[in-house]
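K.L.:
In order, the protein sequences belong to chains R and B. Using the UniProt record's numbering, read the first sequence as starting at 1 and increasing by one per residue. Using the UniProt record's numbering, read the second sequence as starting at 1 and increasing by one per residue.
Errors might be hidden in some of the hints.
Which copy is meant is left open, so a pair is good if it fits within one copy or across any two.
Said to hold, decoys possible - Derived lysine-lysine pairs resembling BS3-like cross-links, with alpha carbons at most 30 Å apart:
(1) Lys163 with Lys396
(2) Lys167 with Lys282
(3) Lys396 with Lys371
(4) Lys282 with Lys396
(5) Lys381 with Lys130
(6) Lys396 with Lys167
(7) Lys282 with Lys381
(8) Lys73 with Lys371
(9) Lys378 with Lys102
(10) Lys396 with Lys113
(11) Lys163 with Lys282
(12) Lys167 with Lys371
If you are wondering where the hints come from, they were derived from the structure by calculation, not from laboratory data. Please read these numbers as outputs of a predicted model, since none were measured by experiment.
There are 2 protein chains.
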Amino acid sequence: MASTPTQFSISISPSLKQQPIHLPSLQNPNFLHPHSFSPHSTNLFPKKISLSTPLRSPICASSSQLMDPFSAKIQPGVPTIVNVDLGNRSYPIYIGSGLLNKPELLQRHVHGKKVLIVTNTTVAPLYLDKVVDALTSGNPNVSVESVILPDGEQYKDMDTLMKVFDKAIESRLDRRCTFVALGGGVIGDMCGFAAASFLRGVNFIQIPTTVMAQVDSSVGGKTGINHPLGKNLIGAFYQPQCVLIDTDTLDTLPERELASGFAEVIKYGLITDTEFFEWQEKNMQALMARDPNALAYAIKRSCENKAEVVSLDEREGGVRATLNLGHTFGHAIETSVGYGQWLHGEAVAAGTVMAVDMSYRLGWIDDSIVKRVSDILKQTKLPIVPPEMMTVDMFKSVMAVDKKVADGLLRLILLKGPLGKLRFHRGL
Amino acid sequence: MASTPTQFSISISPSLKQQPIHLPSLQNPNFLHPHSFSPHSTNLFPKKISLSTPLRSPICASSSQLMDPFSAKIQPGVPTIVNVDLGNRSYPIYIGSGLLNKPELLQRHVHGKKVLIVTNTTVAPLYLDKVVDALTSGNPNVSVESVILPDGEQYKDMDTLMKVFDKAIESRLDRRCTFVALGGGVIGDMCGFAAASFLRGVNFIQIPTTVMAQVDSSVGGKTGINHPLGKNLIGAFYQPQCVLIDTDTLDTLPERELASGFAEVIKYGLITDTEFFEWQEKNMQALMARDPNALAYAIKRSCENKAEVVSLDEREGGVRATLNLGHTFGHAIETSVGYGQWLHGEAVAAGTVMAVDMSYRLGWIDDSIVKRVSDILKQTKLPIVPPEMMTVDMFKSVMAVDKKVADGLLRLILLKGPLGKLRFHRGL
């Protein structure tokens with residue numbers, strides 16, 4: 001069922017900014033109605049589109065494809081491994097239940113004798129001791145320090161990042177130390193950027209504890225912090241030594257956070273993986289009920305999808321941009337309402353509906369896709385419209401400083417193609 | 001005459017820190033006397049040393065070696081090119097007089113339509129207009145913004161760096177923009193780190209205007225900022241598109257800054273380039289008098305030396321560490337006296353004498369080298385002893401957080417070997 005992600009350029013050069021750009025009327029209850037928006041009356045008409053080779057090449061994963069995931073129950077302490085293939089920066093993602101009880105998994109990736117765990121006030125009481133045990137069990141030569149940051153996207157800023165550097169320097173960490181990110185996407189992004197920049201680069205390990213971090217932010221090496229004017233504007237591409245996903249950590253995740261992560265899971269189905277999307281349509285209730293087998297499968301398949309794309313395009317020169325489906329609108333929402341008001345996945349969900357809707361209005365996809373995206377998001381209780389306070393001008397203003405702008409052209413990822421045909425398109 | 005740089009490890013692990021480490025008595029007027037310090041009574045005795053292959057492999061430079069540089073006068077507007085060979089991150093260094101009057105040199109390396117010049121309050125009145133002209137002459141599609149930072153090492157910090165990001169974001173720069181560093185080493189390091197981190201990496205160009213920046217900080221991709229507890233503790237390895245060295249910019253350089261740069265020039269001779277050291281001994285007065293041919297030759301040969309080492313070891317896993325001769329002591333001086341009180345080259349000069357002196361006390365070099373280093377530095381009027389206020393404890397404390405510490409071992413670069421034999425050693 002998945003349609004094709006297409007990169008779509010909107011000019012935001014000064015001369016064109018004076019002309020009206022008719023984004024869908026965001027406060028209009030007919031926003032989702034296909035006839036309320038005509039691309040032919042705007043600057044949004046797409047440039048020439050080229051087709052390239054099919055994206056779905058052999059997946060970079062050592063795990064077997066489970067066609068019926070429920071027939072294979074997960075075993076505590078036994079990881080499924082997804083390898084991210086990036087030459088000498090390749091690394092494994094371990095996925096499974098009870099993995100924090102297996103010290104050897106982490107310890108084989110610790111470099112040097114000193115470790116700094118970066119976590120937050122919510123996660124530390126739940127898992128910090130367990131991670132310290134996993135790092136030090138049978139390994140008395142390693143000393144572990146930790147820095148506990150305030151929790152929330154609003155703290156993903158330079159002032160908070162400096163606390164990581166302060167702690168690292170006070171602890172006299174050296175080039176052979178290892179940083180460990182223990183928490184959600186904010187912690188992973190900040191710890192990763194700190195590791196990229198401390199002494200011009202030290203090793204780091206990701207232990208993501210939210211669905212969002214497990215399926216998205218911990219995979220692919222994007223690290224960074226926000227600027228008051230935009231998300232993730234300051235950062236680095238920097239790969240971890242490994243990612244350890246213990247699905248047991250999801251037991252303590254609030255439902256709103258759980259659903260937020262599913263926005264990214266749904267995205268993978270939409271952009272390249274028809275089977276996975278269809279599986280989700282059947283199993284979203286099991287995911288929302290935290291069925292451990294369903295969760296492990298959804299996380300594994302999401303990581304495989306992301307690993308495949310990242311392996312092809314580490315620094316987002318091409319195909320990796322398709323992972324931004326829904327994200328340009330979504331980032332604009334997060335920036336406009338204030339960081340931390342909407343969860344990232346909530347903004348992405350609303351942004352995905354906007355992108356799907358725009359794709360339909362351009363005549364690029366069938367209306368059945370619009371309905372199915374809306375239906376599956378409703379099962380997760382994620383928002384499918386942007387916040388009422390957001391005007392078109394707010395979207396335009398914030399999107400103009402998005403990273404996906406190049407030489408004045410904003411590249412939007414939209415969907416194109418008949419059902420079930422998985423091809424990658426990009427604007428020329 | 002050049003001796004051999006050797007990496008030398010001092011343990012600073014907690015257990016050993018309790019034992020006395022007898023650095024030379026820094027406030028003792030006999031500091032330079034070879035018999036005032038015995039390595040055999042301390043923890044400083046060297047570990048086993050291994051010899052590796054000769055460092056002096058074919059130089060990565062397209063320019064010919066000038067055995068008699070004064071026979072070849074430089075021609076205004078005609079650059080000598082030194083190529084830094086780093087695979088797909090290779091770049092040229094253009095060296096010559098009047099190069100800022102040749103717009104095509106810069107413009108061929110500008111990516112995108114937007115440029116941000118990062119400079120300071122001292123350099124902007126002298127050269128900003130000239131660089132804007134060079135970027136825009138015959139090239140009306142490029143828009144140029146600039147951000148003018150306060151001048152001095154004490155501003156190489158996160159607060160000042162944020163002003164670069166603020167300006168870049170306010171100017172709506174996108175991924176295809178180019179940052180241009182116009183100034184000395186501080187500007188180059190900050191602009192480079194800003195370019196490495198803005199939108200996870202944009203293009204940048206270095207236009208160094210001090211000898212120090214021309215022969216050292218603009219070559220090799222080390223970027224970063226200081227932390228109150230240590231120099232360059234936060235940064236990235238990030239290569240420019242090109243380095244443009246217009247030697248005319250040295251006409252306005254204060255004498256103290258000129259001499260500071262010569263500390264690094266002398267270092268290249270000491271660590272690998274006997275001929276160059278001997279040339280300097282004969283021509284230091286011409287350099288101090290700013291003879292344009294002597295300056296161009298010294299800069300070119302220094303860049304060739306650095307390019308060669310960086311090409312072999314971009315991320316300082318091995319041989320590149322030899323470039324740190326004098327720098328561990330030097331950084332300790334800069335950190336202890338307060339950034340900006342001593343110029344970088346002044347601290348390196350005193351640090352080099354400390355390293356040379358320690359090498360001699362270990363029996364690794366002849367006393368004639370100690371004298372020649374002292375003599376050539378005296379010609380430049382650079383300091384050859386550390387500041388009086390610095391105690392051994394201050395050195396130990398600050399050096400313990402130096403980047404060159406790994407797993408509790410501080411790696412000092414010292415000299416070893418008979419005269420004229422150029423071999424690379426490192427501690428095991």
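K.L.:
So, for every hint listed, does it hold in this structure?
P.N.:
Structure-based check of each hint:
{"no.": "1", "hint": "Lys163 with Lys396", "verdict": "between (34 Å within a copy, 24 Å between copies)"}
{"no.": "2", "hint": "Lys167 with Lys282", "verdict": "neither (47 Å within a copy, 49 Å between copies)"}
{"no.": "3", "hint": "Lys396 with Lys371", "verdict": "within (26 Å within a copy, 67 Å between copies)"}
{"no.": "4", "hint": "Lys282 with Lys396", "verdict": "neither (37 Å within a copy, 64 Å between copies)"}
{"no.": "5", "hint": "Lys381 with Lys130", "verdict": "neither (32 Å within a copy, 59 Å between copies)"}
{"no.": "6", "hint": "Lys396 with Lys167", "verdict": "between (39 Å within a copy, 20 Å between copies)"}
{"no.": "7", "hint": "Lys282 with Lys381", "verdict": "within (16 Å within a copy, 79 Å between copies)"}
{"no.": "8", "hint": "Lys73 with Lys371", "verdict": "neither (32 Å within a copy, 75 Å between copies)"}
{"no.": "9", "hint": "Lys378 with Lys102", "verdict": "neither (37 Å within a copy, 61 Å between copies)"}
{"no.": "10", "hint": "Lys396 with Lys113", "verdict": "between (49 Å within a copy, 21 Å between copies)"}
{"no.": "11", "hint": "Lys163 with Lys282", "verdict": "neither (45 Å within a copy, 51 Å between copies)"}
{"no.": "12", "hint": "Lys167 with Lys371", "verdict": "neither (50 Å within a copy, 43 Å between copies)"}
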